[in-house]
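**Student:** Sequence:
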Amino acid sequence: MRPNKCVIVFVLHGLNLTQTNRHIYFVFILILYLFTIFINLTLILTIKMLHDPMYLFLCNLCVNGIIGASSFYPKILYDILFDSYVITYIGCLTQIFVIYFYVFCECTNLTVMAYDRYVAICKPLHYHCIMTIRKVWTLILLTWLFSWLEVTVAIVLTARLPLCSVDIDKFYCSNWAVVKLSCVDTTLNNLYGFIFTSYHFSQMILILISYVNIIKASLRSQAGRRKFMQTCLPHLITLSNFVISLLFDVMYARYGSNTSLLALGNIMSVEFLVGPPLINPIIYGMNLNQIRNSNLA
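Residues in the sequence shown are numbered consecutively from 1, following the UniProt record's numbering.
Note that these hints are calculated values from the structure, not bench results. We treat Cβ as the ideally placed atom computed from N, Cα and C, and that holds for glycine. Mixed in with the good hints, there may be bad ones.
[Unchecked claim] Here are the in silico distance ranges between beta carbons for each label pair:
#: 1; residue 1: 205; residue 2: 91; range: 34 to 42 Å
#: 2; residue 1: 233; residue 2: 135; range: 20 to 28 Å
#: 3; residue 1: 25; residue 2: 132; range: 24 to 32 Å
#: 4; residue 1: 219; residue 2: 180; range: 31 to 39 Å
#: 5; residue 1: 123; residue 2: 167; range: 28 to 36 Å
#: 6; residue 1: 185; residue 2: 13; range: 23 to 31 Å
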């Protein structure tokens, strides 16, 4: 018998905490969440008076980081505190929407930032002509708009599926975890997943091409190498951290065993929600001279 979606309550099986260590985990995760929000807000407030394109994109990255962290932390904190590892159908779809919006927005924003660095280093004399403030805000707006459209279509395709189970083997709701519970053929969902995966993979190719040209241009002068270390290296670290953790989660969710490497899988499945929002503002805050100088002023 298929459960009525109006009364569906999913059971999340990712956590297995004892009564003695539950409060320790709660305090640690709460501190981590508050610190993540704090450092992102600090960087946003620090760079709010800097109007160069790079800093506007960085501010957008921090705002998105807050969204990503907030899609995960509040729910897991509630689960740990009240020992309640369940979520309603609407709550699950909402969490999926916010998480996927964060992921799509992060991918597109990192691509736009790579383009910005390409223009800055490979075409420095034309930088301010190409990357006008109006163009930057347009790119940021399109980043949010396309991400919203992508995730809306994904949610609609998932919401139409009848479900035969309510057990999710993760800390949180993910689109694939819900799709796997369907009683019917999910070819359309898989096709759409392949389309947007290909789209974001093409973004990674564009980033790779940009950095091949950036590295070539940087090697020509000492100033170019210094600029690469200050502005491009943080972006590469940010990109690598996000892509590797996201790929692990996608591959493990689709092909991983329920028993093998379960602990590692559970940790890595949330790394893309925990790591980038925490690490990005630290990396950029430490490496961008103009931000450091404005902080000291």
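**Student:** Each hint needs a verdict: does it hold in this structure or not?
**Tutor:** Here's how the hints hold up against the structure:
1. 205 to 91: 34 to 42 Å: holds (36 Å)
2. 233 to 135: 20 to 28 Å: Since residue 233 and residue 135 have Cβ atoms about 25 Å apart, the given range 20 to 28 Å holds.
3. 25 to 132: 24 to 32 Å: violated (48 Å)
4. 219 to 180: 31 to 39 Å: violated (48 Å)
5. 123 to 167: 28 to 36 Å: violated (53 Å)
6. 185 to 13: 23 to 31 Å: holds (25 Å)
Against the hints set out earlier in the document, violations occur for numbers 3, 4, 5.
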